[in-house]
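Novice: Residues per chain, in single letters:
Protein chains: 2
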Amino acid sequence: MPVRPIRWKSGLLDGCVELIDQTLLPGKLVWLECRDAETMFEAIQVLRVRGAPAIGVAAAMGLVLAVRNAPENENGFFDALSKARDYLASSRPTAVNLFWALDRMVARAKSLKGRPVSVIKQTLFDEALTIQREDANMCRSIGGFGAVLVPQSATILTHCNAGSLATAEYGTALAVVYTAVEQGKKIQVYADETRPLLQGARLTAWELQQAGVPVTVLCDNAAGWLMQTKKIDLVIVGADRIVANGDTANKIGTYSLAVLAWRHNVPFYVAAPSSTFDLSLADGSAIPIEMRSGDEIGRPFASRVVPDGVPCYNPAFDVTPAELIRGIVTERGVISPVCRERIREVLAPSQTN
Amino acid sequence: MPVRPIRWKSGLLDGCVELIDQTLLPGKLVWLECRDAETMFEAIQVLRVRGAPAIGVAAAMGLVLAVRNAPENENGFFDALSKARDYLASSRPTAVNLFWALDRMVARAKSLKGRPVSVIKQTLFDEALTIQREDANMCRSIGGFGAVLVPQSATILTHCNAGSLATAEYGTALAVVYTAVEQGKKIQVYADETRPLLQGARLTAWELQQAGVPVTVLCDNAAGWLMQTKKIDLVIVGADRIVANGDTANKIGTYSLAVLAWRHNVPFYVAAPSSTFDLSLADGSAIPIEMRSGDEIGRPFASRVVPDGVPCYNPAFDVTPAELIRGIVTERGVISPVCRERIREVLAPSQTN
Numbered sequence: 353m354p355v356r357p358i359r360w361k362s363g364l365l366d367g368c369v370e371l372i373d374q375t376l377l378p379g380k381l382v383w384l385e386c387r388d389a390e391t392m393f394e395a396i397q398v399l400r401v402r403g404a405p406a407i408g409v410a411a412a413m414g415l416v417l418a419v420r421n422a423p424e425n426e427n428g429f430f431d432a433l434s435k436a437r438d439y440l441a442s443s444r445p446t447a448v449n450l451f452w453a454l455d456r457m458v459a460r461a462k463s464l465k466g467r468p469v470s471v472i473k474q475t476l477f478d479e480a481l482t483i484q485r486e487d488a489n490m491c492r493s494i495g496g497f498g499a500v501l502v503p504q505s506a507t508i509l510t511h512c513n514a515g516s517l518a519t520a521e522y523g524t525a526l527a528v529v530y531t532a533v534e535q536g537k538k539i540q541v542y543a544d545e546t547r548p549l550l551q552g553a554r555l556t557a558w559e560l561q562q563a564g565v566p567v568t569v570l571c572d573n574a575a576g577w578l579m580q581t582k583k584i585d586l587v588i589v590g591a592d593r594i595v596a597n598g599d600t601a602n603k604i605g606t607y608s609l610a611v612l613a614w615r616h617n618v619p620f621y622v623a624a625p626s627s628t629f630d631l632s633l634a635d636g637s638a639i640p641i642e643m644r645s646g647d648e649i650g651r652p653f654a655s656r657v658v659p660d661g662v663p664c665y666n667p668a669f670d671v672t673p674a675e676l677i678r679g680i681v682t683e684r685g686v687i688s689p690v691c692r693e694r695i696r697e698v699l700a701p702s703q704t705n
Numbered sequence: 353m354p355v356r357p358i359r360w361k362s363g364l365l366d367g368c369v370e371l372i373d374q375t376l377l378p379g380k381l382v383w384l385e386c387r388d389a390e391t392m393f394e395a396i397q398v399l400r401v402r403g404a405p406a407i408g409v410a411a412a413m414g415l416v417l418a419v420r421n422a423p424e425n426e427n428g429f430f431d432a433l434s435k436a437r438d439y440l441a442s443s444r445p446t447a448v449n450l451f452w453a454l455d456r457m458v459a460r461a462k463s464l465k466g467r468p469v470s471v472i473k474q475t476l477f478d479e480a481l482t483i484q485r486e487d488a489n490m491c492r493s494i495g496g497f498g499a500v501l502v503p504q505s506a507t508i509l510t511h512c513n514a515g516s517l518a519t520a521e522y523g524t525a526l527a528v529v530y531t532a533v534e535q536g537k538k539i540q541v542y543a544d545e546t547r548p549l550l551q552g553a554r555l556t557a558w559e560l561q562q563a564g565v566p567v568t569v570l571c572d573n574a575a576g577w578l579m580q581t582k583k584i585d586l587v588i589v590g591a592d593r594i595v596a597n598g599d600t601a602n603k604i605g606t607y608s609l610a611v612l613a614w615r616h617n618v619p620f621y622v623a624a625p626s627s628t629f630d631l632s633l634a635d636g637s638a639i640p641i642e643m644r645s646g647d648e649i650g651r652p653f654a655s656r657v658v659p660d661g662v663p664c665y666n667p668a669f670d671v672t673p674a675e676l677i678r679g680i681v682t683e684r685g686v687i688s689p690v691c692r693e694r695i696r697e698v699l700a701p702s703q704t705n
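Taken in sequence, the protein lines are chains A and B.
Count the first sequence with my numbering and you get residues 353 to 705, in order.
Count the second sequence with my numbering and you get residues 353 to 705, in order.
Calculated directly from the structure, the hints in this document are not laboratory data.
Here a beta-carbon is modelled for each residue, glycine too, at the ideal position from N, C-alpha and C.
The reader is advised that the hints may include incorrect statements.
Quick list of the computed label-pair ranges, beta carbon to beta carbon [to be verified]:
(1) A:C691 to B:L364: 42 to 52 Å
(2) A:D438 to B:L381: 43 to 53 Å
(3) B:L481 to A:P663: 44 to 54 Å
(4) B:E648 to A:S645: 23 to 33 Å
(5) A:A700 to B:P640: 22 to 32 Å
(6) A:G661 to B:N425: 56 to 66 Å
(7) A:S505 to B:R492: 52 to 62 Å
(8) A:D635 to B:S645: 41 to 51 Å
Some but not every residue of chain B turned toward chain A, in silico, with C-beta under 8 Å [said to hold, decoys possible]:
(9) A432
(10) I494
(11) G576
(12) G598
(13) D599
(14) Y607
(15) P625
(16) L633
(17) G636
(18) M643
(19) I649
(20) A674
(21) I677
(22) R684
(23) R692
Here chain A stands alone, though its shape is the one from the complex (with noise of 0.2 Å):
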């Protein structure tokens, strides 16, 4: 079974959210206890909890700690709400399934005004568990409709984390492999390290030695070699933003997949919840690419990246065909075409045998 990164645990008024702490993963599993709403916006603020799905059932179990002890008068109560919605959707401005729960959870207590703050209390709480149920059927569903995809028997290439820790279980291109183990298909997956941040090593190879799927880790520069010398069925990933004509805004390093996967006629799949798509967008082009910080690339990593366990692929080098190449550079000359011939002609007369 995949893991469920969030819960609530016990009742609304004595219970409280437990979520994975996803900063300290692979190396500590731990349960972060969330009772108040500064617990959430901190682990939200700091990516404990991380993945647009998972943010947004966060956010909305959050705005319930933050007022299930709200005053029990209608202006005392919304107040609370109002403040504490702001509270919560500043934590991640740039969120938008934050905003997405957060505003779904207030429109829901303004539809009940009049009745007493107890129920509409009650009501928040169980929207907040609805949104968690509605993010795992959808997870299944698209699970579903990708297991038809796989063959029986199959290795499969993905990059970064599009997996149960990002939704509320599941995930979304390995909610496809999930379903596919469970359909008793033969799976094993090689999961892109996902270079700067990681996501690949540490989380979906995580989460999938959690499930006993199979999984190893690569290099991102070694998914070509991979493609090019083991038989890799099909490449999976997730999505952030999908436009008009279905070009696709990933996790970087997803283009260069897709071209490797193109250039070894590899089906490259991209799993998504229909509000992902953004259909205002005619094009790729008009899609704005966040450029962060290079300190991400150029200051140390987490101490053990990969779980304990878990295989990396770590070809030294890998072999590039001659078609490719435009030109070798040589102290004797460029040869240019590559091929033999003209190899010979440049290397001549030292060793021409």
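Dock chain B against chain A, hints included.
Specialist: Below, chain B alone, put in the same frame as chain A:
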């Protein structure tokens, strides 16, 4: 001026070898003094000096250190020479240039049998300096031939370190860069960080920075997106082995880079001395690929992996064009082929406007 990573300081008997301890780059520039064969052995073994040509030079100089105080009688001297040769040869068992340089030195000594041992010692000293000079000249030649391929103003992408740090000076791929700069061309370089051991981030970025050539580091997986969004005029890399038809083994990731260059119609060049060619192999499928420890991927890096002051290109996302995507799996079904019409069909009715 590009750095020279290894130099003999002062005379045969009172001098020593100084080499840059590359394991400490880019954090610290430390010149290691080698006054005996043991220090040189350790330096080669733990990669304080690396790169095939540089190892050859280091080994030759190490042999001089080993025998400069050897007995002055011929038998005693050749006995010491033979032992020192075997000792140094065991520092890195698969390094072809190491054996080549040591055997050239021994052959030179043997050719002088009957002459006074002091003369043989002086000749070996000269021979080591000759090996260094020849390597430098070879790199200069490669630079000269390669610079012709470089436009007056050019943005060049490279992988790993095929620079002065790997040779007597100038390098192979980077010799082309240095020569173009000397010719007054306006050059900027993008350096793949080159996982897992980060030779691009640590070494290529450092030596280009030292030489005053503008350089930006990127994660390997960003190379495709870089080519898609910025003008890369050419890619140039080194080589470990080139076979009869031009298929080229080089640092893992080179192949991916070549495919990406081909997709974007960016010329992809290899720069290498003729000694890199192995005409005994017909094509690349016969080249054995070293598989290295997974710990290189899973265990941590040095604490600072890009020199201070070198910018990093760090887009968080990229855009994969629809034509490269075989299908998009959503909770409403699979969109395939990926085109506007099919997207609207699957997403309907909720997002059709």
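Novice: Evaluate each hint against the coordinates.
Specialist: Hint-by-hint comparison with the structure:
At roughly 47 Å, the beta carbons of C691 of chain A and L364 of chain B sit within the given window of 42 to 52 Å. For the pair D438 of chain A and L381 of chain B, the beta carbons lie near 51 Å from each other, so the given range of 43 to 53 Å is met. Between L481 of chain B and P663 of chain A the C-beta distance comes to about 46 Å, which sits within the given range of 44 to 54 Å. Checked against the hint of 23 to 33 Å, the C-beta distance between E648 of chain B and S645 of chain A comes to roughly 25 Å, which is consistent with it.
Here the CB-CB span from A700 of chain A to P640 of chain B is close to 27 Å, well matched to the stated 22 to 32 Å. Between G661 of chain A and N425 of chain B, the C-beta spacing of about 59 Å keeps the proposed range 56 to 66 Å intact. The beta-carbon spacing between S505 of chain A and R492 of chain B, approximately 54 Å, falls within the hinted interval of 52 to 62 Å. As the Cβ distance of D635 of chain A to S645 of chain B is approximately 44 Å, the hint placing it in 41 to 51 Å holds.
About 33 Å separates the beta-carbon of A432 of chain B from the nearest beta-carbon of chain A, more than 8 Å, and the hint is not met. Below 8 Å, beta-carbon pairs count as interface contacts, and I494 of chain B has one with chain A at about 5 Å; its hint therefore holds. The beta carbon of G576 of chain B is positioned within 8 Å of a beta carbon in chain A (closest approach about 3 Å), and the interface hint is therefore held. A hinted interface residue such as G598 of chain B counts as satisfied when its beta carbon comes closer than 8 Å to some beta carbon of chain A; here the least separation is about 3 Å, so the hint holds.
With a least beta-carbon distance of about 5 Å to chain A, the hint placing D599 of chain B at the interface is held under the 8 Å criterion. The interface hint given for Y607 of chain B is met, as the beta carbon of that residue sits about 4 Å from the closest beta carbon of chain A, less than 8 Å. Hint on P625 of chain B holds. Least Cβ distance to chain A is approximately 6 Å, under the 8 Å limit. Annotation: interface hint on L633 of chain B violated; nearest CB of chain A at approximately 10 Å, more than 8 Å.
A distance limit of 8 Å between C-beta atoms decides the matter here; for G636 of chain B the minimum to chain A is near 4 Å, and the interface restraint holds. Given hint, M643 of chain B at the interface with chain A, holds; its Cβ is 6 Å from that chain's nearest Cβ, closer than 8 Å. Proximity of I649 of chain B to chain A holds as hinted, the smallest CB-CB distance being about 4 Å (cut-off 8 Å). The beta carbon of A674 of chain B is positioned within 8 Å of a beta carbon in chain A (closest approach about 3 Å), and the interface hint is therefore held.
A hinted interface residue such as I677 of chain B counts as satisfied when its beta carbon comes closer than 8 Å to some beta carbon of chain A; here the least separation is about 6 Å, so the hint holds. Residue-level restraint check for R684 of chain B holds (minimum Cβ-Cβ distance to chain A is 6 Å; threshold 8 Å). Checking R692 of chain B against chain A: minimum C-beta separation of about 5 Å stays under 8 Å; hint holds.
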